[in-house]
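Novice: Protein chains in written order, with the numbering used here: chain A, 1 to 215; chain B, 1 to 60.
Worth flagging that the hints you see were computed from the coordinates, not collected in a lab.
The beta carbon of each residue, even a glycine, is placed where N, CA and C say it ideally should be.
Hints are supplied without guarantee of correctness; some may be wrong.
[To be verified] Short, incomplete list of chain B residues facing chain A, as computed with Cβ under 10 Å:
1) Met-1
2) Ala-2
3) Lys-21
4) Val-23
5) Ala-24
6) Leu-38
7) Tyr-49
8) Asn-50
[Claimed, not checked] In silico lysine-lysine, DSBU-like type, Cα no more than 35 Å apart, as pairs:
9) A:Lys-9 x A:Lys-37
10) A:Lys-42 x B:Lys-21
11) A:Lys-108 x B:Lys-10
12) A:Lys-9 x A:Lys-108
13) A:Lys-59 x A:Lys-37
14) A:Lys-42 x A:Lys-9
15) A:Lys-82 x B:Lys-21
16) A:Lys-52 x B:Lys-53
17) A:Lys-9 x B:Lys-21
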Amino acid sequence: MRHLNSGRKLNRTASHRRALMSNMATSLIISDEKRIKTTEAKAKELRPYVEKLISRACKAQQMEGPAGLHARRVVARLIKSKQAVQELFDAIAPAMGDRPGGYTRVVKLGTRRGDGARTAIIELVDFAAERDGAYSSGRSKKSRQAAEESMIEQTIGSAVEAMENAGDAVEEAVEDITDTVEEVVEEVAEKVDEVVSDNDESNEESTDDSEEDKK
Amino acid sequence: MAHPKRKISKSRRDKRRTHYKAVAPTTASCPNCNSVKLAHAACPECGYYNGRKVVETFAA
Ligand SMILES: [Zn+2]
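Looking at chain A on its own, in the form it has when it is part of the complex:
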């Protein structure tokens, strides 16, 4: 029977495991990015552990006086860092709003070099959404479609622009060619004129000679 056999042992003794969970929760809460990279198994074990801590911190917000303090002390038993407890109750819990659980997200990353262990990232969903900026945490199919459409429009736009540029280039080239052709025509005309005038002069000379002969 697998009664009371839930959870992973992670190759550790009970106390070692407790310390590991405490350390990982602290790391996740204190980290600037609100995300840590570990093995997939540890990330999945950490998920329910921190979710419960965050739930408790969120519920403590509505409590008054000693009840809220008690919640802090219960959490402080599980994560040993005062700084982490403070961060959890004063920064993370208010940021979570009225999210009904599911504060964390585990994303698998593939195996790592060295021992080939499957790695993953575990992060706090609301803080991840803040970091992405443009991307909201839950993108609907509609918004995804809209993004794709805008991508297509952009590519079409750039293609049209490229074609217009190409058209301009062709026009310029045609202008250049007509210019050079005109220049050449002018030059030829000048040369023809010169040759013609030379011929005229020699003709005149010859007529002069003939006149002299007559004399």
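Please arrange chain B with the ligand on chain A, whose structure you already have, making use of the hints.
Specialist: Just chain B with the ligand, lined up with the frame of chain A:
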């Protein structure tokens, strides 16, 4: 103590082992950059998963 009566022959041992096979990992193509990646995992090329940038990669 109980013991096997016969040594398992090479033939029987090897026949048993015909079912020990390596299984290829399930792959999928990345919707963001079209490279091959593990299914249900962030893309190692571009770092995207589920339409979001998840991790920084050397490539992108
Ligand atoms: Zn990709």
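Novice: Are the hints correct? Go through all of them and say.
Specialist: Results for each hint:
no.	hint	verdict
1	Met-1	violated, 29 Å
2	Ala-2	violated, 27 Å
3	Lys-21	violated, 19 Å
4	Val-23	violated, 15 Å
5	Ala-24	violated, 14 Å
6	Leu-38	holds, 5 Å
7	Tyr-49	holds, 5 Å
8	Asn-50	holds, 8 Å
9	A:Lys-9 x A:Lys-37	holds, 19 Å
10	A:Lys-42 x B:Lys-21	holds, 28 Å
11	A:Lys-108 x B:Lys-10	violated, 42 Å
12	A:Lys-9 x A:Lys-108	holds, 20 Å
13	A:Lys-59 x A:Lys-37	holds, 28 Å
14	A:Lys-42 x A:Lys-9	holds, 10 Å
15	A:Lys-82 x B:Lys-21	violated, 51 Å
16	A:Lys-52 x B:Lys-53	holds, 27 Å
17	A:Lys-9 x B:Lys-21	holds, 28 Å
The structure is inconsistent with the numbered hints 1, 2, 3, 4, 5, 11, 15, although it conforms to all the rest.
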